[in-house]
Amino acid sequence: MKHMQTSRAWAWWLAAGVAVAFPFAMQALDETFYISMASRMLIYGLAAVSLNLVLGYGGLVSFGHAAFVGIGAYTVGILITEGVPNGWIGFALAMAIAAAFAAVIGAVSLRTRGVYLIMITLAFAQMVFYLVNSVKAYGGDEGLNLSERSAFGLGLDLKDDTTFYFFVLALLAACLFGIHRLMHSRFGRVILAIRDDEVRAESIGYPVYRYKLILFVMAGALGGLAGALMVNQQNYVSPNLLHWTQSGLLMVMVILGGVGTLAGGLWGAIVLLTLEDVISEYTIHWQFYVGWVLLAVVLLAPKGLAGLRWPRRRKDGRP
Amino acid sequence: MSDARTSPALLQVQGLVKRFGALVATDHVDLDVRPGEIHALIGPNGAGKTSLVAQLSGHLRSDAGRVRFDGTDVTALSTHERVARGLARSFQITRLFKSFSVRDNLALAVQARSGSSLRFWRPVAAERALRDAADALLQRLGLQAQADALASALSHGEQRVLEIGLALATQPRLLLLDEPMAGVGPDETQRLVGLIDELRRECGILLVEHDMDAVFRLADRITVLVNGAVIASGAPEAIRQDPQVVAAYLGEDLGAHLAQTTETAHPVHPVQTAQGAHTAPSVEGATAGHGDTRADGDRHG
Amino acid sequence: MTGILLLEQTLNGLQFGLMLFLLASGLTLVFGIMDMINLAHGALYMVGAFFAAWFTSLTGAFVWGVLLAVPATAVVGMLLEATLLRTLYARDHLSQVLATFALILILNESVRMIWGSDLALSPPDALAGPVELIPGLYYPSYRLLIIGVGLALAALLYLLVVRTRVGALVRAGASNREMALAMGVNIKWLFTAVFGLGAAMCAVAGAMLGPLLAVQVGMGESILILAFVVIVIGGIGSIWGAFVGSLLVGFVDTFGRTLLPFLFREFLPPQWAAAAAPAVASILIYLLMAVVLFLRPQGLFAARS
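Residue numbers (the working numbering), protein chains in the order written: chain A, 1 to 319; chain B, 1 to 301; chain C, 1 to 305.
Wrong hints could be hidden among the right ones.
Unchecked claim - Output of the computed footprint for chain C on chain A, the stretches with three or more beta carbons under 8 Å from beta carbons of chain C:
1. 88-96
2. 122-134
3. 168-180
Claimed, not checked - Coverage of chain B stretches by chain A, computed from C-beta distances (three or more under 8 Å per stretch; other residues unrestricted):
4. 89-102
5. 116-125
6. 176-185
Said to hold, decoys possible - One-sided excerpt, in silico: chain A residues whose CB lies under 7 Å from chain C:
7. A9
8. W10
9. V61
10. V298
Hints in this document: simulated from the structure, not taken from any laboratory.
Note that the Cβ used here is the ideal one computed from N, Cα and C, for glycine as well.
So here's chain A without its partners, still in its complex pose (with noise of 0.2 Å):
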């Protein structure tokens, strides 16, 4: 049990290792712009780990989770335009608000499951898609655009570009610890065993929806800290980031970079993200390319998806 333990540890610490260096070495390039690009790597990273919680841990596909996203980003969009830059602020409500708005959709919603469960979500991000879309106080379907970035104090300039690589670098690190540590938990093992069988945990005394409610809440308030970081990272947020096009996208990071597993999300996001501004080089198409792959992935995926969504567990239990 030991050994497995510490060699899934090196190759984390060797993902840390290059993750801290990347600037650093950039620099010595002369290729800053990359920095950035990283940034907003991560920032999707986030976004997609953040999906992963309910979509491969909880086994609920979920179409609505760009909403989220954006309601974050909009929270510390708007609050900065309206002189509020304060970043501990700004955060705390973007994530709180997002949270509110999961536990709305999430009670509605996880009522259903299957084929319901994802058009619901689907047409209640839909719904935050449009109210933001109308709202032409900031920018309506132009969006909105930023002067500043949020501030925290501590000496800490987010204007500065590997400041803020290394500020979304630790929040995600820290974000995937605590997802590791969930679990682990108590509440990670109820979660597990209700993508399982969730008749059978409901029969063994587990309030099902109840479970499944908190998972999606907590799901959207990490959506929500993804997208508080990312309007901070383009200076901007219009409405089109909330586009259930964009939930599609979040799902495909998940899916590309495996889904159920800590950071896949992250590795998906890049992969995409990557894939889209390589394939950009050559042609406008790029989303033509990028389809046949996740087409690829999913039919020819070995088990199916559905065999690489719960990846078997090793004896002792450990993921």
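Got chain A sorted already, so can you dock chains B and C onto it with the hints?
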């Protein structure tokens, strides 16, 4: 057994009704289970046994009637609320947590009754108490050797044992066992019978079964369900002789059993005893009169 | 709010609802019978619109544009079904969502590569002007055509599903797929046909709405959501549910957008009304969906057993 007869009912079902469109799956069923007794529920396929169990466990909403558990009306309660009060169920088609180990399956059930699971930080692996309780259950079920194996890797018979184990882990006072022997070979059946027999000391059991050997070995009382209604209920010997019951089964299982059990106190020839030695079954519900019209040809494949 | 205006809005709602029905009916059948979520349904609608625009420019006549677009789109749909979508029927819903999402990306870009991001499509000159239905009410004749076509197709679909053997098979499959399979219905053929029919109807909707809403890449995405809402409200697998749901959504959306500003101005200070009205109007149908779900989680006319 005399205690079982005189103690107040642990589970009391009154006038339960369930319809699916025009089909009456549960037709004004009355039933009770006393503590320490094994009450078997038998009937041909399609009689509505699983529907009844589902209503008792809270998986299916009844259209009418009441379910009282330990004096409290639980009719409106959800499944998990009933489990919390000690009313647990095992399933006819095995439902296990396939990606968890055998021990972890049981640990999950133990966890449900050991305080809140709204804990988000501390690893479950650190909780010795859960693991110990699960291990104790494993011993009891005879599954210690497979403690670390995935539940999906067990043989069918072992899975059926674990199936009951999961229900048992919730520390029930009443167990609803839905065809525990389903698809199980003779050796495993013995094991299950032994396990269930032991369990009677700790909790009341409502046992739905087709395996007549097991039923007559274990049951203190038997209720017969045909087309959703109770046609007979009482001591096993009485049920054996009840012509309506025999006819309902078209003689196959029950009749074959009757032919074999020559050592019983009441040798039976269904035709001869129809008028004579017929002992009136202690029918708990007023549906005995339906037997004649219902008893033919309702054995579904 | 005059009576004339109300009548006009009623006709608009009817027109919109009928076109939605063309999409929703195909979608609900595919859901109900093949148990498949098809996100690419909206893309077929787009393909139909593009075909119509293209054929119209080739032949010079709108009629030919529509008449040619329908079979062309149906063929595309059936090809997709026979090659790709068929493999998804047995898969879980998540796989279906992702695969058909990939299909949207591919189809969108394919259209863009072939025709560019948009194509011009105008209604035939004969129908360019308004018609005086009752004194004082002038209604665009093209929209009347849409209503006519929509009603005709709805009637045809009704006849097909309710009065023919094929239709009976479809209804059987929609309410109990396993049973239909067990009864030996030639499923593959039936599925392909159902899909082709759905694609054909998408094409009609795309072609007819093209002149009104603009033929452009991505037009399918926005209407697809509405079709989903319709199906959730109407009940999966039910054509009648799709019809009622479509009209409901069409009316609620149309009246919401036109009546709400009036209502809000009565009760709220002007700047609030101006801001709130469009916001609430746009989410009205989703609120409707939530209400229906709360009262009847399976939809109004759930076909599934």
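Q: Report holds or violated for chain A covering the segment 89-102 of chain B, Cβ cut-off 8 Å, minimum 3 residues.
A: holds (count 9)
**Q.** 8 Å C-beta test of the segment 122-134 of chain A against chain C, three or more residues
**A.** With 9 residues closer than 8 Å to chain C, the segment 122-134 of chain A meets the three-residue bar; holds.
Q) According to a criterion of three or more residues whose C-beta lies within less than 8 Å of a C-beta of chain C, is the segment 168-180 of chain A covered? A) With 0 residues closer than 8 Å to chain C, the segment 168-180 of chain A misses the three-residue bar; violated.
Q) In terms of beta carbon proximity below 8 Å, does the segment 116-125 of chain B have 3 or more residues touching chain A? A) holds (count 10)
Q) Does V61 of chain A meet its interface restraint, that is, does its C-beta lie within less than 7 Å of any C-beta in chain C? A) holds (5 Å)
(Q) Is the interface hint satisfied for A9 of chain A? The criterion is a beta-carbon contact with chain C at less than 7 Å. (A) Check failed: Cβ of A9 of chain A comes no nearer than 30 Å to chain C, outside 7 Å.
Q) Under the criterion of a CB-CB separation shorter than 7 Å, is V298 of chain A in contact with chain C as hinted? A) This interface hint holds because 5 Å falls under the 7 Å limit.
Q | Given coverage of the segment 88-96 of chain A by chain C, checked by CB-CB distance under 8 Å (3 or more) | A | n = 0 at 8 Å, threshold three: violated.
**Q.** Three-residue Cβ test at 8 Å for the coverage of the segment 176-185 of chain B by chain A
**A.** violated (count 0)
Q | W10 of chain A as an interface hint toward chain C, with CB separation required under 7 Å | A | Where the cut-off is 7 Å and the nearest Cβ of chain C is about 32 Å from W10 of chain A, the hint is violated.
In the structure shown, a violation is registered for the earlier hints numbered 1, 3, 6, 7, 8, in ascending order.
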